[in-house]
Each structure stands twice: as structure tokens, then as C-alpha cells.
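Q: Sequence:
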Amino acid sequence: MPLEMAGNRHGRADEIRSETIMNDYMKAITYNYPEKIPVKVGLLPATWAKYGKDLQAICARYPDIFKNVQLTGDVKYFTPPSYHAGKFTDAWGCVWENIKEGYESIVTGHPIPEREDVWNLKAPETDIGLPHGFMFLRLMDLRGFEEIMIDFAEEPDELQHLIDIVRDYNIRQTEIEVKRDPSNEIIVFGDDNGMQHSLPISPAKWRKYMKPAYKAIYDVVHAAGKLVYMHTDGCIWEVIGDMKETGVDILNPQIRANGLQHLVDTCKGKIAIDLDLDRQLFPLATPRQIEEHIEECTRAMYMPEGGLMLCAECAADVPLDNIEAICATLERMRSFKG
1 MPLEMAGNRH
11 GRADEIRSET
21 IMNDYMKAIT
31 YNYPEKIPVK
41 VGLLPATWAK
51 YGKDLQAICA
61 RYPDIFKNVQ
71 LTGDVKYFTP
81 PSYHAGKFTD
91 AWGCVWENIK
101 EGYESIVTGH
111 PIPEREDVWN
121 LKAPETDIGL
131 PHGFMFLRLM
141 DLRGFEEIMI
151 DFAEEPDELQ
161 HLIDIVRDYN
171 IRQTEIEVKR
181 DPSNEIIVFG
191 DDNGMQHSLP
201 ISPAKWRKYM
211 KPAYKAIYDV
221 VHAAGKLVYM
231 HTDGCIWEVI
241 GDMKETGVDI
251 LNPQIRANGL
261 QHLVDTCKGK
271 IAIDLDLDRQ
281 LFPLATPRQI
291 EEHIEECTRA
301 MYMPEGGLML
311 CAECAADVPL
321 DNIEAICATL
331 ERMRSFKG
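For the record, in the sequence shown the residue sitting at position 184 is 184 according to our numbering, with numbers rising by one throughout.
Think of the hints as simulated: they come from the structure by calculation, not from any bench.
Each hint should be verified, as a subset may be incorrect.
Derived lysine-lysine pairs resembling BS3-like cross-links, with alpha carbons at most 25 Å apart [what the hints assert, rightly or not]:
{"id": "1", "residue 1": "Lys36", "residue 2": "Lys270"}
{"id": "2", "residue 1": "Lys36", "residue 2": "Lys122"}
{"id": "3", "residue 1": "Lys179", "residue 2": "Lys205"}
{"id": "4", "residue 1": "Lys179", "residue 2": "Lys244"}
If you anchor each label on the Cβ, the simulated ranges turn out as follows [as the list claims (entries may be wrong)]:
{"id": "5", "residue 1": "Ser82", "residue 2": "Ala57", "range": "41 to 49 Å"}
{"id": "6", "residue 1": "Ser82", "residue 2": "Pro283", "range": "16 to 24 Å"}
{"id": "7", "residue 1": "Lys337", "residue 2": "Pro124", "range": "19 to 27 Å"}
{"id": "8", "residue 1": "Pro304", "residue 2": "Ala85", "range": "41 to 49 Å"}
{"id": "9", "residue 1": "Pro319", "residue 2": "Gly259", "range": "48 to 56 Å"}
{"id": "10", "residue 1": "Gly109", "residue 2": "Lys53", "range": "35 to 43 Å"}
{"id": "11", "residue 1": "Lys268", "residue 2": "Asp127", "range": "34 to 42 Å"}
{"id": "12", "residue 1": "Lys50", "residue 2": "Asp164", "range": "41 to 49 Å"}
{"id": "13", "residue 1": "Glu125", "residue 2": "Pro283", "range": "41 to 49 Å"}
{"id": "14", "residue 1": "Pro319", "residue 2": "Gln70", "range": "19 to 27 Å"}
{"id": "15", "residue 1": "Asp265", "residue 2": "His161", "range": "34 to 42 Å"}
{"id": "16", "residue 1": "Lys100", "residue 2": "Gly73", "range": "26 to 34 Å"}
{"id": "17", "residue 1": "Ala300", "residue 2": "Lys100", "range": "45 to 53 Å"}
{"id": "18", "residue 1": "Asp168", "residue 2": "Arg299", "range": "28 to 36 Å"}
Where a beta carbon is used, it is the ideal one built from N, C-alpha and C, also for glycine.
With these hints in hand, go ahead and build the complete structure from the sequences.
A: If you want it as C-alpha cells, here you go:
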């Protein structure tokens, strides 16, 4: 994504250079007055499997949203390996299981359930990149949720040692990633830091343990003159300011878990967001309620300078009429000017 940027106070966008005019996405990220609000709709493999041609027909009615979807002919969609039913073991030794084709797997086998085994842990020699759950969730995947929560509560030496191993591996992966495509100006990270109503650890402990780890990783991105896009599910509004300080340039937070007002207070005019609209609302709402939800979020977060993108993910439990309503409303709100 090309970029031409004058200096401003909103992050490190002024460090990114390009010879061509930026598109609306880059204008939104860098507060350079996009013509339209960038929007996107994500469709899970399970959603494609359920609706097929009917879903393809919706996509065909909104070509500006679905630029990378095959709009005619046979229905084709990509299913990531972890979205297939079955079981597999990753490079860290974590065992993943999936009972439902088209949805993400979960970790059911943790390779270091005993605290003392942390001292024997070796990072993989294989370079697997930066999968979703690369840092905070990786700690849980390695130890198990209850065990890592006890570690954060008791703060043994093993906790920092484990974090250091995972952090250093991710630094290596990031060093590889920033060199992979010189024209790519944004490096995307995904790692869920929150639960439905709070962080799983206190904000103070997040700042003590996780903030330095993320900063060390993101420093590699900025040293290469690129921007950091950070996806994180869950309630994270208490540390959004800290996430910005680690080097996050574009944040992808959930509206339901954080609350609209919290996101207005912590993000608007402070950090660019790709706002994850209410996935828990989509299966149950009427089309009109969905329209009102998207309108409310847009009006609350909009600034003519930019800083706002909108995204919606639709699982297989979202009715077709609601998917249509999401697309129609996003198409209309792209042109919102206050």
C-alpha cells in the first residue's frame, strides 16, 4: 500500500515514505483526510460452506467491499489449516483440536504444564512466522490457562523466562517478516489480550510483563520503517494507551467487549482503529438494529482527518438478511462526513 506522508503527531506514519499517492486506507491510518471510510467484511469458511451461492450473490452486489472474492462461477474460498476438523501439533508442541469444520481450532494439549519444565523449553528452530496468538496467547498455549494465570499471580522467575523465550522467537520472526516484501508498509499482528469484561491479568501486571515484550517486537517493525497493525479480541481499553506506547499504529479492538464510550475516550484522535463491529449482535439482531449499530459507531468515532476503519466478521450463525444489512450499511456509511 503506497504512502506519501507529511509529518504529524499521530504515531510513526511520517517515517513511512513513498513516491505515489496513498489510498484511503493509508490516509485513514495516517490522518490524511480519506475520501471514504475504509470498510471490510470477513466471512468465515463455515459461512461460505453454509450459504455458498447465496453468499456469493451478496458479495457480487458490493464489489467495492469484496474486491478479492470470486463473484461468479463456482464458489471457492480459502480454509486455513487450523480451520479444518481434526487434530494437529504445532512447532511449539501445542496440540490443537477442532470438532467443527470451518471454525478455528483450540489448544487442548499444553507442552509445559509443570512450572519447572519452563527451564527446559526451547523455541522452535523452524520459522513459522507470526500466527494469531504469537505472544500472550502463546504463553497460555504452552502452560495452559489456569497455570499461566497462577504464574502471573505468583510471579516466579519461570514466568519472565518463558516470556523471554517467546519474545525472542517473535523478534526473529519479525526480522524475517519485515524483509519479506519491501513494498509492504504494514506488518499485521494478532494476539487476544482481553476477555469479555476485563483483562485476564491486572493492567499493572500487563504493563510489567507484556508491554516490554510487545515493544521489543514492534521496535523491529519501526526500525524497518513500517507500521504495526495489532488485532486483539477482548476487553483491553485499560491498556490501549500502553499498546500505543509499545508501538501499535493501528488497533483492531472489539466494540462489544470494550464499549463504545471507552473506545471514544481512549482511541479517537489518539490511535487509528479498525473497529471490529459487534459479532455477538449480528446473529440475533434485526437488519434495522444492525443498521443502527453501525451508524452509532460511525458517528461516535468519525473524524474528517481519519483514524477510523470499520470491519465486520460474519460466522455461519449470521442470517443472510443480516449479512446483507451489514454490507448495505457499510457501503452507505463509507461516505459518512459527519
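Q: Against each hint, give a clear statement of whether it holds in the structure.
A: These are the hints, each one checked on the structure:
no., hint, verdict
1, Lys36 / Lys270, "20 Å, holds"
2, Lys36 / Lys122, "47 Å, violated"
3, Lys179 / Lys205, "33 Å, violated"
4, Lys179 / Lys244, "23 Å, holds"
5, Ser82 / Ala57: 41 to 49 Å, "29 Å, violated"
6, Ser82 / Pro283: 16 to 24 Å, "23 Å, holds"
7, Lys337 / Pro124: 19 to 27 Å, "49 Å, violated"
8, Pro304 / Ala85: 41 to 49 Å, "47 Å, holds"
9, Pro319 / Gly259: 48 to 56 Å, "26 Å, violated"
10, Gly109 / Lys53: 35 to 43 Å, "38 Å, holds"
11, Lys268 / Asp127: 34 to 42 Å, "38 Å, holds"
12, Lys50 / Asp164: 41 to 49 Å, "44 Å, holds"
13, Glu125 / Pro283: 41 to 49 Å, "43 Å, holds"
14, Pro319 / Gln70: 19 to 27 Å, "23 Å, holds"
15, Asp265 / His161: 34 to 42 Å, "36 Å, holds"
16, Lys100 / Gly73: 26 to 34 Å, "27 Å, holds"
17, Ala300 / Lys100: 45 to 53 Å, "35 Å, violated"
18, Asp168 / Arg299: 28 to 36 Å, "44 Å, violated"
The structure is inconsistent with the numbered hints 2, 3, 5, 7, 9, 17, 18, although it conforms to all the rest.
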